[in-house]
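Engineer: From first to last, the protein sequence lines stand for chains A and B. Heads up: the first sequence at position 277 corresponds to 277 in this note's numbering, and the numbers run straight through without jumps. Heads up: the second sequence at position 89 corresponds to 89 in this note's numbering, and the numbers run straight through without jumps.
Since the hints were made in silico from the structure, they are not lab data. All values reported here derive from a predicted model rather than from experimental measurement. Hints may contain errors.
It does not matter which identical chain is meant; a pair holds if it fits inside one copy or across any two.
[To be verified] Below, computed lysine-lysine pairings styled on DSSO-like, alpha-carbon distance capped at 30 Å:
#1 Lys242 / Lys209
#2 Lys216 / Lys122
#3 Lys242 / Lys185
#4 Lys185 / Lys296
#5 Lys185 / Lys216
#6 Lys185 / Lys209
#7 Lys122 / Lys209
#8 Lys216 / Lys309
#9 Lys309 / Lys242
There are 2 protein chains.
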Amino acid sequence: MLAVLCADDRPPLMAAVEAAAEVRYADAAGLPAALRGADCLLVWDFLSRAVEPAFAAADRLGWLHIASTGVDNVLFPAMRQSDVLLTNSSGIFDGAIAEYVLGCVLAFAKDFRTTLTAQREKRWYHRETERIAGRRAVVVGTGPIGRAIARLLAAAGLQVTGVGRTARVADPDFVAVQASSDLHKCLGEADFVVAVAPLTDATAGMFDKAAFGAMKPTARFINVGRGGLVVTDDLVEALQGKVIAGAALDVFEIEPLPVRHPLWSLPNVLISPHMSGDFVGWLPALAELFVDNFGKWQAGMPLRNVVDKQLGYVPAR
Amino acid sequence: MLAVLCADDRPPLMAAVEAAAEVRYADAAGLPAALRGADCLLVWDFLSRAVEPAFAAADRLGWLHIASTGVDNVLFPAMRQSDVLLTNSSGIFDGAIAEYVLGCVLAFAKDFRTTLTAQREKRWYHRETERIAGRRAVVVGTGPIGRAIARLLAAAGLQVTGVGRTARVADPDFVAVQASSDLHKCLGEADFVVAVAPLTDATAGMFDKAAFGAMKPTARFINVGRGGLVVTDDLVEALQGKVIAGAALDVFEIEPLPVRHPLWSLPNVLISPHMSGDFVGWLPALAELFVDNFGKWQAGMPLRNVVDKQLGYVPAR
Chain A
1 MLAVLCADDR PPLMAAVEAA AEVRYADAAG LPAALRGADC LLVWDFLSRA
51 VEPAFAAADR LGWLHIASTG VDNVLFPAMR QSDVLLTNSS GIFDGAIAEY
101 VLGCVLAFAK DFRTTLTAQR EKRWYHRETE RIAGRRAVVV GTGPIGRAIA
151 RLLAAAGLQV TGVGRTARVA DPDFVAVQAS SDLHKCLGEA DFVVAVAPLT
201 DATAGMFDKA AFGAMKPTAR FINVGRGGLV VTDDLVEALQ GKVIAGAALD
251 VFEIEPLPVR HPLWSLPNVL ISPHMSGDFV GWLPALAELF VDNFGKWQAG
301 MPLRNVVDKQ LGYVPAR
Chain B
1 MLAVLCADDR PPLMAAVEAA AEVRYADAAG LPAALRGADC LLVWDFLSRA
51 VEPAFAAADR LGWLHIASTG VDNVLFPAMR QSDVLLTNSS GIFDGAIAEY
101 VLGCVLAFAK DFRTTLTAQR EKRWYHRETE RIAGRRAVVV GTGPIGRAIA
151 RLLAAAGLQV TGVGRTARVA DPDFVAVQAS SDLHKCLGEA DFVVAVAPLT
201 DATAGMFDKA AFGAMKPTAR FINVGRGGLV VTDDLVEALQ GKVIAGAALD
251 VFEIEPLPVR HPLWSLPNVL ISPHMSGDFV GWLPALAELF VDNFGKWQAG
301 MPLRNVVDKQ LGYVPAR
């Protein structure tokens, strides 16, 4: 028996699963009832925080799959301490997010925002813009998405350093990987800082006043990881005080970003609605991954993308 | 004796040249007087069309250098028929223009314009956006700038075909190079069409109603070459009629683009003011190239970037 937590839209491609198991689609309110007697839970509405309050009803749950890479919304203490296997959707978003980050880098360097503003005013406003070749990027997070970002930025001519849990000298995707204990030192060398670490106790709030203070005043900060990696008030202050030169933010501590939030109207900030990985075709791709894992689950085979519940992500093989 | 055609700004780094020769800086009005007795002419104001009407005063001119890659503004019939050597600034702009084109490709694919519009309205507007990996680009123009564009787009995951004067099977920078006689056939396969050919009698107006009609309705057209490559009215019609999906235009038949021109306000068009190659540092780089060529000229050595005045560009070695 499979419970599926979804909001307005149900996952596609579920015919084979529905033929093989009883499937109960539920919203947040219906989740406790759906979880009673369920063997598996698919968290299709991956932004929902409804699993934790409903978890007591999970009387025989063995497996939880989430349609996202980040697992912070389902990795509450009771889940972490349980025997429930957790899998995520790592791999689906890598390429799209990497392209999005490169797009942000180029939008900053080529000053597209001013170009569009001048165009609205029908103003011929010639100016010099930046090269990206040879510029330095620091990617904080060395999982598959961080690696895809590093490869694409390097292909476009940037020098890319990674920041991970442990330093590594030889790495296929980064010029070097520094330990997160050296984060502030690395940040001082970056023209572009990309946040893509998983949100865990160790990473929450890592981009705070001290981190922004360690960056160059010309640096741009790009967050495609999780809003909780950032102390948002410190970021607003750094942007207003020109401690850093700009930010492209796809994720926020509170989503949707509240209408009255100052980030919306800062001149040097690009706000996008948590969509950097959501390419045309992402929903079928997410469903396919779940259906594949469901087949493995039924057959008693090892699942793809098993999350280490203590680390908070799928460890590298 | 050296004449320099400039508008408001003089070239930097001219001390060595001024020590070695008499240098006459002139604007359009002063150019005929400056040309009398001059051995060389540096066209620093490369957008000016003042050389042709002043050319009769050039009584001993041996060399003309222009601070741009395109030479259409100085390749009028009397210049073409003369013995005056023509050199250009090929090589300076390649990397910056390639980055600009990749930026345009990503701005279209990731729909940055809508993102910025939604941000102004403080509206959380989630949507799916396009991947660029695997998409097809056709670059019309296989000179150094077209090749730099092809390499960068390929590095970012696109399949890039070139269109040049003659077809080539094996090419280091393109999947294939097709002859311009097959232009319309190539255009039908492109997600992104990049115009970067030199403006010559053979290329003027090559992007006309028939060319836009040959493109996919989802195609985006990017012009970083010359405005005269395009029949502008046909482009406006193709955009208004959704014959193609969008355009990024850095060059125009008339520059600056007149305030009343319909291109300014088409929703699917990005207008920039002839600046795709003008990176921070371009002016010293242009001056350095001229100063280097001036030293070669004085020493009687072969010059860099000698333009074939019949072809209208520097031929590949």
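Engineer: With reference to the structure, classify each hint as holding or not holding.
Structural biologist: For each hint, the structure was consulted:
1. Lys242 / Lys209: Answer is within: at 12 Å inside a copy they meet the 30 Å cutoff, but 48 Å across does not.
2. Lys216 / Lys122: Cα proximity of lysine 216 and lysine 122: across copies only (29 Å, versus 34 Å in one copy).
3. Lys242 / Lys185: within (20 Å within a copy, 51 Å between copies)
4. Lys185 / Lys296: The answer is neither: 45 Å in one copy and 47 Å across copies each exceed 30 Å.
5. Lys185 / Lys216: So lysine 185 and lysine 216 pass the 30 Å test inside one copy only (11 Å; across, 49 Å).
6. Lys185 / Lys209: Answer is within: at 14 Å inside a copy they meet the 30 Å cutoff, but 56 Å across does not.
7. Lys122 / Lys209: Result: close only across copies, 25 Å inter versus 39 Å intra.
8. Lys216 / Lys309: For lysine 216 and lysine 309, the Cα distance exceeds 30 Å both inside one copy (36 Å) and across copies (48 Å).
9. Lys309 / Lys242: The answer is neither: 39 Å in one copy and 51 Å across copies each exceed 30 Å.
In summary, the numbered hints that this structure violates are 4, 8, 9.
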